[in-house]
Amino acid sequence: MKDAIAAVIGGIMDGFNQESSEAYQIAADSDLYCELAQRIEERTPDRFSMNLNVEHMRAVDGLLLAKLGDNPKAKFLFRHGDFIESHVRKAIERTEGFSCGADKTRTVMRSLARYLVDGIAIDHDYSGERTYHLPTKVLSNQVEVLSYFNGLHRLYYGDPMPYLSHLVAYPHASGT
Numbered sequence: 332m333k334d335a336i337a338a339v340i341g342g343i344m345d346g347f348n349q350e351s352s353e354a355y356q357i358a359a360d361s362d363l364y365c366e367l368a369q370r371i372e373e374r375t376p377d378r379f380s381m382n383l384n385v386e387h388m389r390a391v392d393g394l395l396l397a398k399l400g401d402n403p404k405a406k407f408l409f410r411h412g413d414f415i416e417s418h419v420r421k422a423i424e425r426t427e428g429f430s431c432g433a434d435k436t437r438t439v440m441r442s443l444a445r446y447l448v449d450g451i452a453i454d455h456d457y458s459g460e461r462t463y464h465l466p467t468k469v470l471s472n473q474v475e476v477l478s479y480f481n482g483l484h485r486l487y488y489g490d491p492m493p494y495l496s497h498l499v500a501y502p503h504a505s506g507t
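Just so you know, we're using our numbering here: the sequence shown kicks off at 332 and counts up by one.
Hints listed in this document are in silico derivations from the structure and should not be mistaken for laboratory results.
Note that the Cβ used here is the ideal one computed from N, Cα and C, for glycine as well.
Each hint can be trusted.
Ranges of calculated distance between the beta carbons of each label pair, as one might list FRET restraints: (1) 500 - 338: 51 to 57 Å; (2) 400 - 342: 41 to 47 Å; (3) 491 - 380: 22 to 28 Å; (4) 365 - 400: 29 to 35 Å; (5) 496 - 461: 28 to 34 Å; (6) 474 - 355: 44 to 50 Å.
Let the hints inform the model, and build the full structure from the sequences given.
Below, the structure written as structure tokens:
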């Protein structure tokens with residue numbers, strides 16, 4: 332049984348390696364990848380990382396500008412979505428428990444994106460037949476969501492106080 336599992340995992344890894352190799356071959360002659368290859372030859376991982384991040388994020392910033400224009404809060408949400416999402420999920424799980432935490436997190440994130448990009452109010456409908464995806468004790472209305480998001484924005488740039496005020500304000504769910 333172990334050998335069969337190892338063979339399956341090995342096959343999956345070989346597939347990933349093949350896809351990565353093919354993707355590299357397509358991009359190998361670009362200026363960025365030539366420069367990255369030079370960093371490997373120089374044995375300078377710090378410069379490799381810097382070049383990779385700077386070039387990639389420059390392109391990402393261009394995409395955000397093209398799609399979101401001059402909307403710094405929406406750009407922050409999309410550029411640092413993993414940071415925001417992990418904090419939203421922890422706040423929900425800490426306050427409401429783990430049940431449907433991913434669904435509730437997704438609802439908050441998408442509602443926030445619609446608000447920041449399209450101006451659509453964050454208004455969860457708790458009267459519906461199925462409300463499992465709606466947070467009930469935390470981040471349940473527009474004021475809370477925006478305040479929490481602004482706290483995370485300030486935390487990211489070095490001012491933890493607004494975010495910390497949220498942490499102390501939300502009670503723990505039983506069992507968390």
